[in-house]
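K.L.:
For reference, the chains in residue letters:
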Amino acid sequence: MAEVAHMIDTEVFLAFSTYATIVILKMMLMGLFTSYLRLTKKVFANLEDTNLVKTTEDRRKCVRVDPDVERVRRCHQNDLENIIPFVVIGLLYALTGPDLYTALLHFRVFVGSRFIHTVSYLVALPQPSRGLAWIVGLFATFSMAYRVITTALYL
Amino acid sequence: MAEVAHMIDTEVFLAFSTYATIVILKMMLMGLFTSYLRLTKKVFANLEDTNLVKTTEDRRKCVRVDPDVERVRRCHQNDLENIIPFVVIGLLYALTGPDLYTALLHFRVFVGSRFIHTVSYLVALPQPSRGLAWIVGLFATFSMAYRVITTALYL
Amino acid sequence: MAEVAHMIDTEVFLAFSTYATIVILKMMLMGLFTSYLRLTKKVFANLEDTNLVKTTEDRRKCVRVDPDVERVRRCHQNDLENIIPFVVIGLLYALTGPDLYTALLHFRVFVGSRFIHTVSYLVALPQPSRGLAWIVGLFATFSMAYRVITTALYL
Numbered sequence: 000m001a002e003v004a005h006m007i008d009t010e011v012f013l014a015f016s017t018y019a020t021i022v023i024l025k026m027m028l029m030g031l032f033t034s035y036l037r038l039t040k041k042v043f044a045n046l047e048d049t050n051l052v053k054t055t056e057d058r059r060k061c062v063r064v065d066p067d068v069e070r071v072r073r074c075h076q077n078d079l080e081n082i083i084p085f086v087v088i089g090l091l092y093a094l095t096g097p098d099l100y101t102a103l104l105h106f107r108v109f110v111g112s113r114f115i116h117t118v119s120y121l122v123a124l125p126q127p128s129r130g131l132a133w134i135v136g137l138f139a140t141f142s143m144a145y146r147v148i149t150t151a152l153y154l
Numbered sequence: 000m001a002e003v004a005h006m007i008d009t010e011v012f013l014a015f016s017t018y019a020t021i022v023i024l025k026m027m028l029m030g031l032f033t034s035y036l037r038l039t040k041k042v043f044a045n046l047e048d049t050n051l052v053k054t055t056e057d058r059r060k061c062v063r064v065d066p067d068v069e070r071v072r073r074c075h076q077n078d079l080e081n082i083i084p085f086v087v088i089g090l091l092y093a094l095t096g097p098d099l100y101t102a103l104l105h106f107r108v109f110v111g112s113r114f115i116h117t118v119s120y121l122v123a124l125p126q127p128s129r130g131l132a133w134i135v136g137l138f139a140t141f142s143m144a145y146r147v148i149t150t151a152l153y154l
Numbered sequence: 000m001a002e003v004a005h006m007i008d009t010e011v012f013l014a015f016s017t018y019a020t021i022v023i024l025k026m027m028l029m030g031l032f033t034s035y036l037r038l039t040k041k042v043f044a045n046l047e048d049t050n051l052v053k054t055t056e057d058r059r060k061c062v063r064v065d066p067d068v069e070r071v072r073r074c075h076q077n078d079l080e081n082i083i084p085f086v087v088i089g090l091l092y093a094l095t096g097p098d099l100y101t102a103l104l105h106f107r108v109f110v111g112s113r114f115i116h117t118v119s120y121l122v123a124l125p126q127p128s129r130g131l132a133w134i135v136g137l138f139a140t141f142s143m144a145y146r147v148i149t150t151a152l153y154l
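Protein chains in written order, with numbering that gives the first Met the number 0: chain A, 0 to 154; chain B, 0 to 154; chain C, 0 to 154.
Just chain A, same shape as in the assembly (with noise of 0.2 Å):
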């Protein structure tokens, strides 16, 4: 890992950084597909939310947990749990000078991944497709992990 300051000028860190940036705005995505079922489907968590939408209904009624939120929200934190992991090894692993093929072999599979695992849960595809795209997900990680370790290790 020696000169490593020297990766970050690479096309190897290039890449991670677009392929970390779309999958962060796709992650943040689900935050705002959230907020506009709250508000079509008038389905609130805190009562001076209601206050966002106009209704005939008893607003403290408008406090419930609606399935189809949930589901979202189970996506998002899902995201949450396997996207800020490929981020922040994927970073480190940049700076251990992969190579490039390789490198974006590792981010095309984890993004792409991802999407198929988003469009999985939305539309409730049959099993294992959300299953497995969110393994392949993890092994891309692990993989880098793996190079991280073996590269850099310093206990």
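I should point out that these hints are in silico values taken from the structure, not numbers from a laboratory.
Everything hinted at is true.
One copy or two, either will do: identical chains are not told apart, so a pair holds if it fits within one copy or between any two.
Derived lysine-lysine pairs resembling DSBU-like cross-links, with alpha carbons at most 35 Å apart:
#1 Lys-25 <-> Lys-53
#2 Lys-41 <-> Lys-53
#3 Lys-25 <-> Lys-41
#4 Lys-60 <-> Lys-40
#5 Lys-40 <-> Lys-25
#6 Lys-60 <-> Lys-41
#7 Lys-25 <-> Lys-60
We have chain A already, so just place chains B and C on it with the hints.
P.N.:
Chains B and C only, in chain A's frame:
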């Protein structure tokens, strides 16, 4: 994005470090606040935690859901969903060599919006105060992501 | 914080990479453990997931909340709330050029505290074991944040 490594030595990177640390510390305070509320209100998520307080009640009754605790937890969760993307995108953004004034504007707007968001959530201010704070923070992050993608695109 | 870019080539940064990767991998194992419990206990969050196991029960009854699964999920959530701040602050801390011995102390205390926290949570050890592990980890992160703020303050 040439000579990105030198960007780490710029004032933009110092500013990023400062604002990222401040907003992450703010996020961590939510965890401490949750614990404080759980101990003072005697509301726990695990049966073994009830030994932390003296109580004459049946201990199993202390394992329950409390609206005040849930409010802080939702605020904490919203922090996770928004502050972590800011830190990741902000780090890459700082490496693209933006103008110092523009960078400071992004960091200050984001961090300010999150403090307003937290106060709005905890005090239950009437909407759209919390909603606006959330959207402003999102846009600051999107604006930085736009610069990262346009400066560093490598697919 | 002069010549921070050179800090990436130091032993402190190697040590940070190693400990950050280890603790992120530990966090990711919680997701695998949740899936393992869901499959073996036949407890799912989505109706489509029930096809993953053979069951003679009504499939809708498999979509339920299980205390063991929820315990692992709370542990995972606590990891997200504490390990991600450690990684962000730890990265910035490593760039401030701390003494190697001091840095290793911080990283080891934090990572050790999180392993103790996980065991305490999953085995439901009597409190305050888990509470102390959590607090020790928090203080390690706060201590690093203090150095970042005092070394790199730029508001």
